[in-house]
Amino acid sequence: MSDELTATPRNQQRQTRDDLDTSSADSDPLVVVDGLRTYYESDALIGGSPVKAVDGVSFDIERGETLGIVGESGCGKTTLGRSILRLEEPTEGRVLFDGTDLTTLQGRQLQQWRQHAQIVLQNPTSSINERMTVGRIVREPLDVHNWQSPSERRERVFDLLETVGLESEHYYRYPHQFSGGQRQRVGIARALALQPEFLVLDEPVSALDVSVQAKILNLLMDLQAEFDLTYLLIAHDLSVVRHVCDRVGVMYLGKIMELGPTEDLFQSPANPYTHSLLSAIPQPDPSAGTNRITLRGTPPSPRHPPTGCVFSTRCPFKIRPAEHDDIGDQEWERIEAFRDILRERDQADITVVERLKGRLGLETRFTPLEEVVSELFEDVSYAAPIEDDLEEATTLACAGDISEARASLTRAFGSVCETDRPTPHAVADQRVSRCHRHLEEYADPDDVLEHEHEHEQP
Amino acid sequence: MTDPILSIENLQTTFHTDKETIRAVDGVSFSVGPKETLGIVGESGSGKSVTARSILGLVDGPGRVHPDSSIRYHDPAFVQRIARRHPDAVRYLEDDRDDGDAYVFLEDASKTGQDLEVASGWVDLVRAPESVIEAARGSEIAMVFQDALSSLNPVFTVGNQLKELLRIHRGVTGGEATTVAAELLESVGIPDPRRRLKEFPHQFSGGMRQRAVIAMALACDPTVLLCDEPTTALDVTIQAQIIELLERLQRERDLSIVFITHDMGVIAQIADSVAVMYAGEIVERAPVDVLFESPAHPYTSGLLESIPGLAHGRDRLPTIEGSVPTPNEPPVQCRYAPRCPKAFEQCRRVHPQSVPVDVSPEQGLDSHFGDAEGVSGGSDHDDHRVSCLLYPESLPEADRLELHRARSDDRAVSAIETATGGESDE
Numbered sequence: 001m002s003d004e005l006t007a008t009p010r011n012q013q014r015q016t017r018d019d020l021d022t023s024s025a026d027s028d029p030l031v032v033v034d035g036l037r038t039y040y041e042s043d044a045l046i047g048g049s050p051v052k053a054v055d056g057v058s059f060d061i062e063r064g065e066t067l068g069i070v071g072e073s074g075c076g077k078t079t080l081g082r083s084i085l086r087l088e089e090p091t092e093g094r095v096l097f098d099g100t101d102l103t104t105l106q107g108r109q110l111q112q113w114r115q116h117a118q119i120v121l122q123n124p125t126s127s128i129n130e131r132m133t134v135g136r137i138v139r140e141p142l143d144v145h146n147w148q149s150p151s152e153r154r155e156r157v158f159d160l161l162e163t164v165g166l167e168s169e170h171y172y173r174y175p176h177q178f179s180g181g182q183r184q185r186v187g188i189a190r191a192l193a194l195q196p197e198f199l200v201l202d203e204p205v206s207a208l209d210v211s212v213q214a215k216i217l218n219l220l221m222d223l224q225a226e227f228d229l230t231y232l233l234i235a236h237d238l239s240v241v242r243h244v245c246d247r248v249g250v251m252y253l254g255k256i257m258e259l260g261p262t263e264d265l266f267q268s269p270a271n272p273y274t275h276s277l278l279s280a281i282p283q284p285d286p287s288a289g290t291n292r293i294t295l296r297g298t299p300p301s302p303r304h305p306p307t308g309c310v311f312s313t314r315c316p317f318k319i320r321p322a323e324h325d326d327i328g329d330q331e332w333e334r335i336e337a338f339r340d341i342l343r344e345r346d347q348a349d350i351t352v353v354e355r356l357k358g359r360l361g362l363e364t365r366f367t368p369l370e371e372v373v374s375e376l377f378e379d380v381s382y383a384a385p386i387e388d389d390l391e392e393a394t395t396l397a398c399a400g401d402i403s404e405a406r407a408s409l410t411r412a413f414g415s416v417c418e419t420d421r422p423t424p425h426a427v428a429d430q431r432v433s434r435c436h437r438h439l440e441e442y443a444d445p446d447d448v449l450e451h452e453h454e455h456e457q458p
Numbered sequence: 001m002t003d004p005i006l007s008i009e010n011l012q013t014t015f016h017t018d019k020e021t022i023r024a025v026d027g028v029s030f031s032v033g034p035k036e037t038l039g040i041v042g043e044s045g046s047g048k049s050v051t052a053r054s055i056l057g058l059v060d061g062p063g064r065v066h067p068d069s070s071i072r073y074h075d076p077a078f079v080q081r082i083a084r085r086h087p088d089a090v091r092y093l094e095d096d097r098d099d100g101d102a103y104v105f106l107e108d109a110s111k112t113g114q115d116l117e118v119a120s121g122w123v124d125l126v127r128a129p130e131s132v133i134e135a136a137r138g139s140e141i142a143m144v145f146q147d148a149l150s151s152l153n154p155v156f157t158v159g160n161q162l163k164e165l166l167r168i169h170r171g172v173t174g175g176e177a178t179t180v181a182a183e184l185l186e187s188v189g190i191p192d193p194r195r196r197l198k199e200f201p202h203q204f205s206g207g208m209r210q211r212a213v214i215a216m217a218l219a220c221d222p223t224v225l226l227c228d229e230p231t232t233a234l235d236v237t238i239q240a241q242i243i244e245l246l247e248r249l250q251r252e253r254d255l256s257i258v259f260i261t262h263d264m265g266v267i268a269q270i271a272d273s274v275a276v277m278y279a280g281e282i283v284e285r286a287p288v289d290v291l292f293e294s295p296a297h298p299y300t301s302g303l304l305e306s307i308p309g310l311a312h313g314r315d316r317l318p319t320i321e322g323s324v325p326t327p328n329e330p331p332v333q334c335r336y337a338p339r340c341p342k343a344f345e346q347c348r349r350v351h352p353q354s355v356p357v358d359v360s361p362e363q364g365l366d367s368h369f370g371d372a373e374g375v376s377g378g379s380d381h382d383d384h385r386v387s388c389l390l391y392p393e394s395l396p397e398a399d400r401l402e403l404h405r406a407r408s409d410d411r412a413v414s415a416i417e418t419a420t421g422g423e424s425d426e
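For the record, the sequence lines run as chains A and B. The numbering of the first sequence is my numbering, which starts it at 1 and goes up by one. The numbering of the second sequence is my numbering, which starts it at 1 and goes up by one.
Calculated from the structure, these hints are not laboratory results. Don't take each hint at face value.
What the hints assert, rightly or not - Where chain A lies over chain B, by a calculated footprint (3+ residues, C-beta under 8 Å):
1. 59-66
2. 202-212
3. 238-245
4. 256-269
5. 295-305
C-beta atoms are modelled at their ideal positions from N, C-alpha and C, and glycine is treated no differently.
Full structure from sequences and hints, please.
Printed below as a string of C-alpha cells:
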C-alpha cells in the first residue's frame, strides 16, 4: 500500500480539483462535485456558528455508474444529495453536470435543467400526496414541464406504471390503498417520468421489509440497465450499498472519509471510520466471530466539529503522542475520558438560569467537577509530570474556566489527530482515505488492528 | 432441558372490527429458558409486536387475547408470592378438578397457607386478574419499545420518570431514589449520570434515549426483558453499542430476553434460539446456528436469501413474490402457500402443524406428538420444529399429510370442546 500524499496541499478558499478525486484523467464524468459546502446558518443573532452539514466534498460520478454514499444519521449525506440537485443552496463549491455548472443556474434555466436529474425520497408514506390519485402523482412532473400533449402524457403514465411493475388500473387509485413497496414504486415512476439521466436515491429502501427491499433494489438495477441511468445512492444500510454500488464514499460529519470501489473498500477498509462502521454491521451468520469495534459515544455536533480530524473524538486508532507511549492503556483511557467530559461540558447548552445558579453555588444539573475527577482517577496513578498537568487542568476547570483547562490538556496530551486536518491519501488504485495514519511516520490502521488482535488472543 | 421461565401456548390475539376479525397472533407457542435469548423474527405485519404486547396484557381494544391461550410465568418466587396472596386461585396439578377461576398452578409445593413454599409451578397471565398482571408487569417482565422518544414523557426529566417508577414498584423515594436512578443510568453506560437525571428526553441523543429506556425497564429488576425492535431506529454503530449493552446486562443480571426484530443480522448476533413468524404463526423454530445453517421452511430460506449482504456480486437478489397476507380467516391452509416456490396442491387444503424437521426411525411418532406442541422437548430433533407439509423429512408424502391433517383436527376438536365446556357447567 503506498502512502503517497496526493499532490495538492489544502489551500484556503476554493480548492482546485483536489480532494477525493479518484477518476482517471481521460474520463468524461456525468457529475463532478468540487469542494461542495452547504452550511446552515445559526439562528443566533450574533456569534452563532453555522451547521456544517456538507464540508468540502469532491467526487466524480461516471456515466452509468452507481455511487453510494454511506454514513450515520446526521453525517450530511442527505444534504449532500439535495445540494447536488440544488434542492438546498450550496454555500460554496461547484457541481458540474455534463459540463454545466449547476450552482450558477437561475430561474428558468434551473427549472429546465431539472428534467435531467430527479430524486427518489426515503419515506414512501410522506413523499407522495395522499389526496392525489397515483396517475396524477406520476403525471405531475410531465404537467409541470408541459411535456407534449395531455393524451400523450396519459399514455406515458400508463407506460411508466408498467415499467415499475404496477398495473394500469392503479392509475385511478389513491396512495393509501398501496403497500409500502408499491408506494415506493410510485415514487420511482414519478422520478422517471421526464426520462432523466441522473437519479439521486435517498434511502430508497430503508423503510421497507427485506423481501420488499430486494424487489425494489432489483427494479432499480433493471431500470439502470434499461435507461442507462446514473445513480447516487444514499443509504445507511451498508449491505444494500455493497450489493448495488460500483463505488462507495463513506461520509462522516460533512466530510468524505474514504472513497473507493465497493468490493475493495468492503474487503480491506483503509480508514479507521470505515473499519469501525463495517465491523458494526451485524452479520447474518451466527458462526461469524465478532471482531466488532464498538465506537464510543455519538458523532459530535456539526455545529462544533472537532478541530483536526473530524473523527478524532471517537477514533479507536487515534494516534498517541510519542512522548506518552509509556503510559498504560487504562491510564491513557482515563485521560481521554476526562477530556471528553470537559469537551461535552464546554459545548453543553447552559441556560442563563443555570449559569446564575452555578455562580450562586446552588445545585445545577452538573455534578461538581471535583467529584467527577476524583471518581475518574480513583484507581489509577501517573508519573509526577503528568500528575501535575492533570492537576493544573482540574484546578482551572473547577474554577469555571473550562476552555482554558481544555487548552492546557491539549498542550499536554494533544495528538496530531486533534490539531491537523488529515488530507486525503491515495491508499490504493482509485482509493483515497483521510487519515494521519497513512503517513509514513505512523503505523497504518491495519497494523494497529492486527496488533490489537494479537493482544486479545494470548 | 431446564425448565422455562416463560412459556406461551397457543396464544391467539384477535382484533375485531366491523369488517373482519384479524387473527394477528394465531396459535403461537414458544418458551424461554432462564438466561436464554429468544429471537422472534418476521416481516412487518407478521404479529411479532402483538405477541410481545399480549404477554404483558398491553393489547388495547378492539384487540383481545383468546381465553384459551396460555401465558405461563414460572419464576418460583413470584408464583409463591401470588399463591400466598390469592389462595383461592391456586390449583395443584395432581388434582383433576378443572375450575375456571384458578390461575396459579403448582407442580411441586410444600406446606400451605402463608407458609406455602413453591418449587415449581406457574401463574397463567391470561386467566389472572389485572392486579396480578400489574404485579408482573415491570417487576417481573419488562418491555423495551422500538421508539425511545415516544416511550419517554417529553415534559418530565429522565430522572423524574425513573424515580416515579422506583416509587411505584419498589417504594424507594427521595435521595435514595436519586442514587438508585443514577446507578441505573450508569449501569447502562450513560456517562455523567447525575447530570443526565436532570435533563429532558430531547436533550438525549437517539442511542442515549434507548439506553435510558433500557434503564427504566431494568429499574424494577425484571427476570424477563421483552425487546421490541430496540435497535431498528438506530445507526449501525449505535446499534452495536446497544447490542453489547444488552449482552452485558444479560450476563450481569441473569436476564431472559425475548428479542423481536426484522433484521436477520441482529438475530444472528444476539439470539440463542430463533422463532420465525409469518402471518400470525410461528413457522419455524430452531437454535440460531441450526436455523442459519439449514433453514427448513421455504419462507425462512426465502427471507435469508433476500438479504443483500449474503448475495455478493451484482446478481439479482432472490425475492419472495407477493406480500404478507392479513390473517383474517381461520387457518385451513398454509398461509405461505400462495408465495411459496415449493407449494403443492395439498398446501391449500391442509393447515400445517408444528412438527420436528426430522424423526429418527427408532423414535415412534407418537412420542413426538403426544406432548404439547411448540414447547421444546427432550430430544435433539425437537429443537428444530417447522410448520410445513414437507416435514418431517423422512416420512413419505402421504404419511406427512396424514400427520398434519390429524393434528389440525385434534386442535379443532379440542378448541370446540373447551368452548362448549366453558358454557355448560358440568
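Quick rundown of the hints versus the structure:
Look at the region 59-66 of chain B against chain A: 0 of its residues bring a Cβ nearer than 8 Å to a Cβ of that chain, fewer than three, so the hint is violated. Under a criterion of three residues with beta carbons nearer than 8 Å to beta carbons of chain A, the stated coverage of the region 202-212 of chain B is upheld, 4 such residues being counted. Residue count for the region 238-245 of chain B with a Cβ under 8 Å from a Cβ of chain A: 6. That meets the three needed, and the coverage hint holds. Here's how the region 256-269 of chain B fares: 8 of its residues keep a CB closer than 8 Å to some CB of chain A, so the rule of at least three is met and the hint holds.
Proximity of the region 295-305 of chain B to chain A, defined as three or more residues with a beta carbon under 8 Å from a beta carbon of that chain, is established by the 3 residues found.
Going down the numbered hints, you'll see the structure goes against just number 1.
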